[in-house]
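Chemist: Single-letter residue listing:
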Amino acid sequence: MAPPAQSQRSPSPSQPSGKSEVSDLKLQLRQLAGSRAPGVDDSKRELFKKVISYMTIGIDVSSLFGEMVMCSATSDIVLKKMCYLYVGNYAKVNPDLALLTINFLQRDCRDEDPMIRGLALRSLCSLRVANLVEYLVGPLGSGLKDGNSYVRMVAVMGVLKLYHISASTCIDADFPSILKHLMLHDSDTQVVANCLSALQEIWSAEASTSEEASREREALISKPVIYYLLNRIKEFSEWAQCLVLELVTKYVPSDSSEIFDIMNLLEDRLQHANGAVVLATIRVFLQLTLSMTDVHQQVYERIKAPLLTLVSSGSPEQSYAVLSHLHLLVMRAPYVFSSDYKHFYCQYNEPSYVKRLKLEMLTAVANESNTYEIVTELCEYAANVDIPIARESIRAVGKIALQQYDVNAIVDRLLQFLEMEKDYVTAEALVLVKDLLRKYPQWSHDCIAVVGNISSKNVQEPKAKAALIWMLGEYSQDMQDAPYVLESLVENWDEEHSAEVRLHLLTAVMRCFFKRPPETQSALGAALAAGIADFHQDVHDRALFYYRILRYNVSVAERVVNPPKQAVSVFADTQSSEIKDRIFDEFNSLSVLYQKPSYMFTDKEHRVPLEFADELGNLSIGEAANNVVPTQMVEENDKDLLLTTSEKEETKGSRNNGSAYTVPYDGSSTSVFASQAQIESAVSNPTLAGHSPQASFAIDDLLGLGIPATPAVPSPPQLKLNTKAALDPSTFQQKWRQLPVALSQEISVNPQGVAALTAPQALLRHMQSHSIHCIASGGQSPNFKFFFFAQKFEESSNYLVECVINTSSAKAQVKIKADDQNTSQDFSTLFESALSKFGTS
Amino acid sequence: MISQFFVLSQRGDNIVFRDYRGEVAKGSAEIFFRKVKFWKEDGQEEAPPVFNVDGVNYFHVKVVGLLFVATTRVNVSPSLVLELLQRIARVIKDYLGVLSEDSLRKNFVLVYELLDEVIDFGYMQTTSTEVLKSYIFNEPIMVDAARLQPLRPAAIFMQGTKRMPGTAITKSVVANEPGGRKREEIFVDIIEKISVTFSSSGYILTSEIDGTIQMKSYLTGNPEIRLALNEDLSIGRGGESANDYRSSYGSGAVILDDCNFVESVRLDSFDMDRTLALVPPDGEFPVMNYRMTQEFKPPFHINCLIEEAGHLKGEVILKVRAEFPSNITANTVVLEMPLPKYTTRASFELEPGVTGQRTDFKGANKKLEWDLEKFVGGVEHTLRAKLTFSQDLHANITKEAGPVSMTFTIPMYNVSRLQVKYLQIAKKSSSYNPYRWVRYVTQANSYVARI
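Listed in order, the protein sequences are those of chains A and B. Going from the first sequence to this note's numbering is simple: count from 1 and add 446. Going from the second sequence to this note's numbering is simple: count from 1 and add 14.
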């Protein structure tokens, strides 16, 4: 044994300059490479450790590649592991050198010890070098068939790695179908779980280009696979359970007894100590019961306790993730949580992001019975050392005041804030009092008395100052010295830095002028002069406008500036209900923590595979974006998603009108539609382009599927529908939640219909011609989901329909809800008849 | 699915860095650290555990001052990743005995070995210490536990002369004792964190116990064990409101609002005789978490008085009484109270002759601090502080100060009355009699008295 002399002088890792140390190591490794002396492995271990420690702190040790490989001809598994780690890290940047490792890795893949076989296979697949893929196929193939489950587990992930290096090699070797077989037959659950992960990734990536892949992807959420996995769920590791549960979320059960079976099976998962398992289970429960209002409500009650337990056990980080989900549920159904408000009290040592969530929850759950206690608690936080939270607590009090009918006690509290003499408290309270007065003008007397005592000199924040000035203008009648306060503010015009405040000042002086002209006249003159000379465009324009309208006609000016006001009943919500629903659809994902739907923060290719809900939210976009080339259309879709529901409704509404007048369509609109459909399918399914409905019909016929020449169409009943029915999506959603299911049935779709249903849009047009309008649609072959509505002719009675069509089984699951239950059967017949004509006309 | 995993020191150095999928740029650790460090310009707010920078999602948990981080571009389940990070920390601790920057640096090769088995291509494989044992070949290098004195991980269970083997908690699951033979032992810890808020008049506004039964087993041959809890234990509060404290008080029964269990627990006879059966895997894990809002006797009663005492002067009188038996002693008791912003000076007066107490006025954030090394049951302690103000009082002084918050650890005491009645190890041999340790501890989570 010849231990190198330098090894005593170990280079200090705190000096990451690198160069000389690396060449030192190189020399030492070279000396050890050929040595067979006893104990040489220990010296190698020490050197390898140094190399890896350099690698970790970011020193480039790739120049040692050759030496490292030479030294790795050993049976010492610890050394091997270190070498694998090193090779995996640098092979990508040294593809030529990586070739050196292939030999020994391939040899190790055939080792007697399954550990070594597995490790070698994992390293081999981790090289990430494209021109070496040919060496992977063989070892992977035998790895998948290995008798040892550890090796199979590694091999399955290896297939996925290979797919990412070279998708075609992976597909050509037919690995996906081997994985599929393993998934359904392997005895080891981790192998099964890995197959599921790998297949989901592969099929989702392939689905955009291959119809077969998208069918395979759908097959993963088919009944046999789901049931196979669900029945074994307790054998899986907790992480794999999450994976399975995630998959189950996408499964659409055929009837309610199936839903209850699944829920009963998963019931005990809610008692799991792992929060990820519990949240995944909750998502399944919530999704399954979406259209069963009562059960959905029961689910909320059921999941409350487990969620609260998770929030209070575990690390602060874990409890934050759970709390965010609880927050979402509380915001959706505050009444369910109104007796649990004490759980949402802030603790003094919690981080701000937790407190903020809790404040919002407290605001949401406040009702007649708990408001007093909640507001008392919030007032405690107003004196909090954490000023941003103190401010938000005051805002929360204000929000509660705005949403309550009985605001007596709250107004007193707010007025007490004004007397607290902390400037940020005063500032927040002023803004709130202003909002409160806009909604409850009847409180003006009490409020104005207190606001009148506040010296404007103590208010510095622009928002608060603007609020105070607004009140001075609005209530100048009741505030004795309003004109003089305003006058002194006008005198200090140049010192006022905020344009918002100056704008408010102009308006307030105008208003005051109309109420108390003699006292305000000089201030108005000064304000207009200062305003017109103002460098800020808006201020200048408003002053000039006031000046001119006053010159034109004073009474007109009064009508413009000082009209009688209506109390504001509801302040606009900042987030549209559609956005909120989309976040809810993405339960148990980052969307909930960021409070944004995934398309706002994730690139398209990184969205969770198989996101059915994602597509469903995509309201019949194809029709909105006419005459655009396919590549642009993808972008259009994303932009369209950003539109609010009302904006979408407008574009859709106008379209509805257009076609409603021309039934059946004239030739031109049909041709537009046809080309449209082609673009649509070209985007989602390039291989399908040119695949016309007739062609597939012919094939179906050849296969002798026995299509009846004239499908048995039930005769249309007497019910007449409104051709120009209109319903906005939020009303639809509300009704859908409120109404019970009147009818639920399975309808067969005739083969022509199946063939014509290449994209959801095709059916929309058809149903519209039968006065049944679509409000949302989505999905890809073979699963499509639609929400339709129709209105009774000359009556405002609505029918709502959820229709899930599976083209491979040629079945449609239809759920009908109706304002007028008595006619739902008639409507159902009408609907069935309309659907049965699809593809035949 | 995650893309990278790394551990950063408090200073932001990479201790371990593993890239699983090569989808996120290598500079992510630096981007992450800068973001966490300067979350808000004023430095007041902490970064949330999950955030997104340029399409990359960063997850982190803090464990013993280290940052365990994962990155991904995919919209994954946040609970899944945060749970995983916590679990990785636990597995590493199981192997290294002690989790610290020092032990990680000494054992980083072993840590890489673990990471390769825990996650493959970003997908979780296994986090079971037990399963991992067969894949892991590096031997842990022990760090000197004595050097970690200030942390004293085992000290929370120390109660006077009744000593518990302090080393146990810092023992690796794979390392052998110096003597060569492994000591057969099992630890069951009942850890209760309590939150209480007192109103200014001393009335309890909210109270909650968050408890965990934690287990750490060093038994060979994986025998099944049975853990019996109070027979009068009941779960779920039925129809009553969760915040109705009066109804159950004094009845003696232990009523949990809710609880959850680790996967491997069998609950076959739980409904009948309140026993949990399980084969404890190696390493540390929580058998059961529970939550209670049933009323309990708060271990400390706090009384605080603040008033003006002449021109630009004020006085604080803080009284704390321990409401537990005198054979119990609480450790590391700290009381804190924010004082009015315009306080410039505070002079303290402790009771004559007391030792082991320390007082401080933090000028920067105007906080009063009172540390008591030991607090014997049944005793009351008082602190007087004379304050000097830089300006006249505007409003009520009580609106400018407080609340009083308190942290403490009370070994061998639990407020919930939940108990482990017995711990049975099912092994045939009569000579087999491993050490069984059942330890209780109560800690303050949020213990606040308003003034």
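Note that these hints are calculated values from the structure, not bench results. A portion of the hints provided could be inaccurate.
Unchecked claim - Okay, the calculated beta carbon distance ranges per label pair:
id : chain 1 : residue 1 : chain 2 : residue 2 : range
1  : A       : S944      : B       : E59       : 48 to 54 Å
2  : A       : H891      : B       : K355      : 31 to 37 Å
3  : A       : D740      : B       : T373      : 45 to 51 Å
4  : A       : P887      : B       : D68       : 46 to 52 Å
5  : B       : T396      : A       : E937      : 53 to 59 Å
6  : B       : S213      : A       : N854      : 45 to 51 Å
7  : B       : S361      : A       : N854      : 44 to 50 Å
8  : A       : P887      : B       : T373      : 52 to 58 Å
9  : A       : N795      : B       : K400      : 51 to 57 Å
10 : B       : T412      : A       : V1006     : 48 to 54 Å
11 : A       : Q744      : B       : E59       : 50 to 56 Å
Claimed, not checked - Some but not every residue of chain B turned toward chain A, in silico, with C-beta under 8 Å:
id : residue
12 : M138
13 : L326
14 : M426
Each residue gets a CB set at the ideal place from its N, CA and C atoms; glycine is no exception.
Chemist: Each of the hints needs a verdict: does it hold here or not?
Modeler: Verification of the supplied hints:
1. Checked against the hint of 48 to 54 Å, the pair S944 (chain A) and E59 (chain B) fails, with Cβ atoms roughly 25 Å apart.
2. Checked against the hint of 31 to 37 Å, the C-beta distance between H891 (chain A) and K355 (chain B) comes to roughly 34 Å, which is consistent with it.
3. Checking the proposed 45 to 51 Å range against D740 (chain A) and T373 (chain B) shows it is violated: the Cβ atoms sit about 60 Å from each other.
4. The hinted range of 46 to 52 Å is satisfied by P887 (chain A) and D68 (chain B), whose Cβ atoms lie roughly 48 Å apart.
5. In this structure, T396 (chain B) and E937 (chain A) meet the distance hint of 53 to 59 Å, their C-beta atoms being roughly 56 Å apart.
6. Checked against the given bound of 45 to 51 Å, the beta carbons of S213 (chain B) and N854 (chain A), roughly 22 Å apart, lie outside it.
7. Range check, S361 (chain B) to N854 (chain A): Cβ separation about 46 Å, and the 44 to 50 Å hint holds.
8. The beta-carbon spacing between P887 (chain A) and T373 (chain B), approximately 54 Å, falls within the hinted interval of 52 to 58 Å.
9. A C-beta distance of roughly 28 Å is found between N795 (chain A) and K400 (chain B), which places it outside the suggested range of 51 to 57 Å.
10. The supplied range of 48 to 54 Å is met by T412 (chain B) and V1006 (chain A), whose beta-carbon atoms lie about 50 Å from each other.
11. Range check, Q744 (chain A) to E59 (chain B): about 39 Å between beta-carbon atoms, so the 50 to 56 Å window is missed.
12. The beta carbon of M138 (chain B) comes within 4 Å of a beta carbon in chain A, closer than 8 Å, and the hint placing it at the interface holds.
13. The closest approach between the C-beta of L326 (chain B) and any C-beta of chain A is roughly 17 Å, which is over the 8 Å cut-off, so the hint fails.
14. This hint is violated: M426 (chain B) has a C-beta 22 Å from the nearest C-beta of chain A, more than the 8 Å allowed.
Consistency note: the structure conflicts with the earlier hints numbered 1, 3, 6, 9, 11, 13, 14.
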